[in-house]
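Take these sequences, add in the hints, and give me the full structure.
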Amino acid sequence: MMIKPKFRIARLLFQLKRVFKLLLFIAVLAGLYSYAMFQGGFVSWFLFYSVTTLMILMILYAAVPLGALTVERDAGNDALPAGTDVKVTLTIRRKIPFPFLYLAVEDKMESRLQNQTPANSTRIIFYPGFKRTLQFTYEIPAVKRGEYQFLGTYFATSDFFGMFRKRKFISQPALLLVFPGYYELNHWSVFEKTAEETSRSRQEFIEDRTSIAGAREYVPGDKLTSIDWKVTARSGKLMTKEFEEHTDQQFMILLNNQLREQSFAQEEAYERGIELAASFVMHCYKHQLKVGLTTLDAQGDYFSIDAGEKQQTKLIKHLAQIEPQQPSDSLPSLFRDGPFSAGGEIILFISAELTDAVIEQVNRLHQRRLSIYFFIAERESGLNEKEEAGLKGLRQSGVEVYRLAPGAPVFRQNDREKGRVE
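Numbering of the sequence shown is given in UniProt numbering, commencing with residue 1 and proceeding in unit increments.
No lab work stands behind these hints, which were simulated from the structure alone.
The reader is advised that the hints may include incorrect statements.
As the list claims (entries may be wrong) - Pairs of lysine-lysine residues, derived as BS3-like cross-links and limited to a Cα-Cα distance of at most 27 Å, are as follows:
id, residue 1, residue 2
1, Lys237, Lys286
2, Lys95, Lys108
3, Lys131, Lys108
Following this line, the structure appears as structure tokens:
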């Protein structure tokens, strides 16, 4: 109810300003004309005609619109890795090339991206003349992980004295997706063991298919080498051997997406946890291993275990989009929908905080005899006494714990002994 009166007052003031400017123009021209008529001479008439010319130009500025403008924004790829310098090029095309005195242009974007952009780099002033095409480029250095949105382009111009101003905003929404960074995990013992066991099981399966799970009736098309002659003799009908299905190891990433403290140090640790999760996903994709992802927050996004390029794209995109949330009283239950009931996956639990709720969830997973590895992304200042005690308790209960230290995200062979990722 309060918006309408304010809007009406603003409109009334705008109309009064226009009337005032028009009356001012008339008064100036009338005064100069009267001066020239009574004074006479070259100087007075020269002054009158000079000011009249400027007045006509100002009226043209007021009458001529900015015109139909088209804007093209080129930010390279719409999906980039974190830390990339993003070059954005704006190309403006004018259908009416009126020689405005100047044309101020600003590329508008959401505040999270604007805060990463050098001050005033998204603004420029053109002196267009009769040019139809204008172009400028700015750079966003070392853009951070996230999903960002460009909003549009703002234009402004005015006459010589700033009496008549023109403004125009062209909406041009566009998304920029910045994927988290990642690094190679070739020297972590769990992955090395996985690769070795997978290779051995495949070779044994090919060379010596002796893992018999049972027998079934013969079906036309079965190989003669698959017939179980002993069972056939006992049953009096052809029976075919059934072999155990050899499956690769598979991983489920659990990412704690809740932060109690929204400090720079804590958010930096959270980002290193995101990078570690992305590194797991990329490693599994590179080595054709199955991987899934569950984010522990109020929304509780769950991506079932799978392999392939589509799975990799889906998980990396989700890791690019998520933002830390305020914690609830407890972490959501991992067993409500039963994603871990089979127990065949290796659990990679990643957290930037070690709260009582996190410890409880890790212990519950461990009690279900699931293979679990816990990763804590440390702050620059390290862990406090309570967190150190919680970490010690997890180790004593048999959980393999890894500490992701700042500035050196490389796995070494002695991770298990030191309990640290350095």
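To see whether the hints hold, each was checked on the structure:
The hinted pair formed by Lys237 and Lys286 fails the criterion: a straight-line CA distance of about 47 Å is larger than 27 Å. Pair hint Lys95 plus Lys108 holds up; C-alpha atoms about 22 Å apart against a cutoff of 27 Å. Between Lys131 and Lys108 the CA atoms are separated by roughly 23 Å; this keeps the pair inside 27 Å, and the hint holds.
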